[in-house]
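So the sequence lines, in the order shown, correspond to chains F and G. Add 13 to the 1-based position in the first sequence for the working numbering, that's all there is to it. Add 13 to the 1-based position in the second sequence for the working numbering, that's all there is to it.
Misleading hints may appear alongside valid ones.
Chain copies aren't distinguished; within one or between two, either way the pair holds.
Calculated pairs, SDA-like style, for lysine to any residue (alpha carbon to alpha carbon, straight line, at most 25 Å) [as the list claims (entries may be wrong)]: (1) LYS65 <-> GLY146; (2) LYS101 <-> PRO157; (3) LYS35 <-> LEU45; (4) LYS65 <-> ALA138; (5) LYS65 <-> GLU197; (6) LYS35 <-> PRO125; (7) LYS65 <-> ALA209; (8) LYS35 <-> ALA138; (9) LYS101 <-> GLY185; (10) LYS35 <-> SER169; (11) LYS35 <-> ASP51; (12) LYS35 <-> ILE106; (13) LYS101 <-> GLU57; (14) LYS101 <-> SER135; (15) LYS101 <-> SER36; (16) LYS35 <-> PHE204.
Derived by calculation from the structure, the hints in this document are not laboratory data. What you are looking at is a predicted structure, and each value in this text was computed from that prediction instead of being measured.
There are 2 protein chains.
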Amino acid sequence: MYDGIVQDLIDEFGRLPGIGPKSAQRIAFHILQTQNFDVTRLAELLTEVREKVRFCEVCGNITEQERCSICRDPRRDQTLICVVEEPKDVVAIERTRQFRGLYHVLGGAISPIDGIGPDDLSIPALMRRLGEGEVTEVILATDPNLEGEATAAYLSRLLTAIEVPVSRLASGLPVGGDLEFADEVTLGRAFEGRRAVE
Amino acid sequence: MYDGIVQDLIDEFGRLPGIGPKSAQRIAFHILQTQNFDVTRLAELLTEVREKVRFCEVCGNITEQERCSICRDPRRDQTLICVVEEPKDVVAIERTRQFRGLYHVLGGAISPIDGIGPDDLSIPALMRRLGEGEVTEVILATDPNLEGEATAAYLSRLLTAIEVPVSRLASGLPVGGDLEFADEVTLGRAFEGRRAVE
Numbered sequence: 014m015y016d017g018i019v020q021d022l023i024d025e026f027g028r029l030p031g032i033g034p035k036s037a038q039r040i041a042f043h044i045l046q047t048q049n050f051d052v053t054r055l056a057e058l059l060t061e062v063r064e065k066v067r068f069c070e071v072c073g074n075i076t077e078q079e080r081c082s083i084c085r086d087p088r089r090d091q092t093l094i095c096v097v098e099e100p101k102d103v104v105a106i107e108r109t110r111q112f113r114g115l116y117h118v119l120g121g122a123i124s125p126i127d128g129i130g131p132d133d134l135s136i137p138a139l140m141r142r143l144g145e146g147e148v149t150e151v152i153l154a155t156d157p158n159l160e161g162e163a164t165a166a167y168l169s170r171l172l173t174a175i176e177v178p179v180s181r182l183a184s185g186l187p188v189g190g191d192l193e194f195a196d197e198v199t200l201g202r203a204f205e206g207r208r209a210v211e
Numbered sequence: 014m015y016d017g018i019v020q021d022l023i024d025e026f027g028r029l030p031g032i033g034p035k036s037a038q039r040i041a042f043h044i045l046q047t048q049n050f051d052v053t054r055l056a057e058l059l060t061e062v063r064e065k066v067r068f069c070e071v072c073g074n075i076t077e078q079e080r081c082s083i084c085r086d087p088r089r090d091q092t093l094i095c096v097v098e099e100p101k102d103v104v105a106i107e108r109t110r111q112f113r114g115l116y117h118v119l120g121g122a123i124s125p126i127d128g129i130g131p132d133d134l135s136i137p138a139l140m141r142r143l144g145e146g147e148v149t150e151v152i153l154a155t156d157p158n159l160e161g162e163a164t165a166a167y168l169s170r171l172l173t174a175i176e177v178p179v180s181r182l183a184s185g186l187p188v189g190g191d192l193e194f195a196d197e198v199t200l201g202r203a204f205e206g207r208r209a210v211e
């Protein structure tokens, strides 16, 4: 145990995800001992981020303005909406440079264990956007796990009912991976989703 | 890449030791999305720690006062000084509850590769403390690695020259470990340091 505020700082860092007590201690000492680590900058950013960053009023992505940079971009294809769980999924998909449409960030996935039902997700906002009638395809890009699949199944029922074309990202073997190391579910999906070779 | 300050916050977290880009992103989003994470508290602590925490003017340990809590404690054995590299070593030794003397924190170890020589360590302050004549034993508790051993060798030459009794922490097999997994240097040290069984 350390004296007073050093221990407080260690405890506070230890509350962040993925940072155990040892890492928290290492970080606190780094901050204490590295004179060129800009502690004021980090402190200011923390406050600023909480004050300024909000969720895009259209798609739910993070932004410092009312609408995020993707929703504001007129060059994006307004007829495609890719539905994701979290803002970080938007970043992951943007990195592929394959998708030029818009996003819709649900803010999570259906998870009865965590008490998260459809009402806790940004589904009404999605339905409103689809009601405007411009959209020709909704791509469900929720995570390929239990919660993500449940959410995709729920949404696909909802969307086919209002006659919006829905698709789901392909599941299969990761590129660059070894077949023998693939788990049975992934391998099973790879079989199901096999394509004819031309 | 994210918009503006969110990316700035991710970058700033990424500059902390042991935090890669992925962890930095996870932490930033945790802060953004967890309303009950006290961002103001962390921001305040960061500034406060830099302002208030300093090094004990006697031993070099961290403290919020002129002298650290150990140097201020009259019940500690004033005739024993345990020399360590960093304040976190003090905490590690205190946890054993085996040592009731005082400490001296060098602020690092001799490391020619990193450009750290004896002059960069708090050695003059140690010599001053020894000059006061109360100390009957100096225990060298620098790390059992190349730099720590070099520092211990340097100090032991210096201290035996002024006729202060010096000891070094024992090296050997870690308690609870498996002999077969010990590296050869550790195993060699365990042989060197073997003790007669009574």
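Do the hints match the structure? See the list:
| no. | hint | verdict |
| --- | --- | --- |
| 1 | LYS65 <-> GLY146 | neither (32 Å within a copy, 60 Å between copies) |
| 2 | LYS101 <-> PRO157 | within (15 Å within a copy, 43 Å between copies) |
| 3 | LYS35 <-> LEU45 | both (15 Å within a copy, 24 Å between copies) |
| 4 | LYS65 <-> ALA138 | within (22 Å within a copy, 48 Å between copies) |
| 5 | LYS65 <-> GLU197 | neither (45 Å within a copy, 56 Å between copies) |
| 6 | LYS35 <-> PRO125 | neither (33 Å within a copy, 27 Å between copies) |
| 7 | LYS65 <-> ALA209 | neither (50 Å within a copy, 68 Å between copies) |
| 8 | LYS35 <-> ALA138 | neither (43 Å within a copy, 29 Å between copies) |
| 9 | LYS101 <-> GLY185 | within (22 Å within a copy, 47 Å between copies) |
| 10 | LYS35 <-> SER169 | neither (45 Å within a copy, 31 Å between copies) |
| 11 | LYS35 <-> ASP51 | both (22 Å within a copy, 21 Å between copies) |
| 12 | LYS35 <-> ILE106 | between (34 Å within a copy, 15 Å between copies) |
| 13 | LYS101 <-> GLU57 | within (23 Å within a copy, 27 Å between copies) |
| 14 | LYS101 <-> SER135 | within (16 Å within a copy, 46 Å between copies) |
| 15 | LYS101 <-> SER36 | both (24 Å within a copy, 12 Å between copies) |
| 16 | LYS35 <-> PHE204 | neither (44 Å within a copy, 31 Å between copies) |
The structure fails to meet hints 1, 5, 6, 7, 8, 10 and 16 from the earlier list, while all remaining hints are met.
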